[in-house]
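**Student:** The listed protein sequences correspond, in order, to chains H and X. Each position in the first sequence, counted from 1, maps to that position plus 741 in our numbering. Each position in the second sequence, counted from 1, maps to that position plus 1 in our numbering.
Think of the hints as simulated: they come from the structure by calculation, not from any bench. Please note: incorrect hints may appear among the correct ones.
Not everything, but these chain X residues come out facing chain H in the computed CB check (under 10 Å) [said to hold, decoys possible]:
no. : residue
1   : Q7
2   : S9
3   : S13
4   : G17
5   : I19
6   : K39
7   : A42
8   : G61
9   : F63
10  : G105
For clarity, every value in this text was computed on a predicted model and none was experimentally measured. Glycine is no exception: its CB is placed at the ideal position from the N, C-alpha and C atoms.
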Amino acid sequence: GAVVSQHPSWVICKSGTSVKIECRSLDFQATTMFWYRQFPKQSLMLMATSNEGSKATYEQGVEKDKFLINHASLTLSTLTVTSAHPEDSSFYICSARDGGQGHTDTQYFGPGTRLTVL
Amino acid sequence: DQQVKQNSPSLSVQEGRISILNCDYTNSMFDYFLWYKKYPAEGPTFLISISSIKDKNEDGRFTVFLNKSAKHLSLHIVPSQPGDSAVYFCAASGGAQKLVFGQGTRLTINP
């Protein structure tokens, strides 16, 4: 149980275009999902917390208008990188909290999406 | 301010021996701690967790120890296997939903 999927697993796009990344909880309902970014050889950096049916809460320094987050259902959250630039190239990982079993603070992670902006 | 610290960036252990990964934290409000394992280009995989009301939690080859007075936790893997080679992250939560991660320790199991 507690499986989280992400799509696509990798994407290459041109500078100035927008890219949407989907995060799904496959076997549980996730009222809260999180979006992280990881740079090479560094730890996970939390970008935003996404609550179903409400606006996402962004961490300090993360541009809300650049990284659009939508959490329209209990099993799906999307991250859209708008007007992508090469510095947005990174590994983006989502996670979901399973409030139905175990400790509510345990997060289960998706496999990640490698974004390369040319 | 790094609230969760993994001071060893790497650790090398012989197959069959015990691997001990350490993590220190500074925020006394943290009450739940987790260990994740991560392979390159993949998302972290949840391994084991411990609540602050306990000082030990065991799951198969994995045991997590918590020393609240020292604000220190450790993950023991025994016996270590080649498939355990990965980056291990400790994380902490203080009830605000968010997890705070350490920098990670790269564990290499040598045959």
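**Student:** Hints first: check each against the structure and report whether it holds.
**Tutor:** Hint by hint, here is what the structure shows:
no. : hint : result
1   : Q7   : holds (9 Å)
2   : S9   : violated (14 Å)
3   : S13  : violated (17 Å)
4   : G17  : violated (28 Å)
5   : I19  : violated (25 Å)
6   : K39  : holds (9 Å)
7   : A42  : holds (7 Å)
8   : G61  : violated (16 Å)
9   : F63  : violated (15 Å)
10  : G105 : holds (6 Å)
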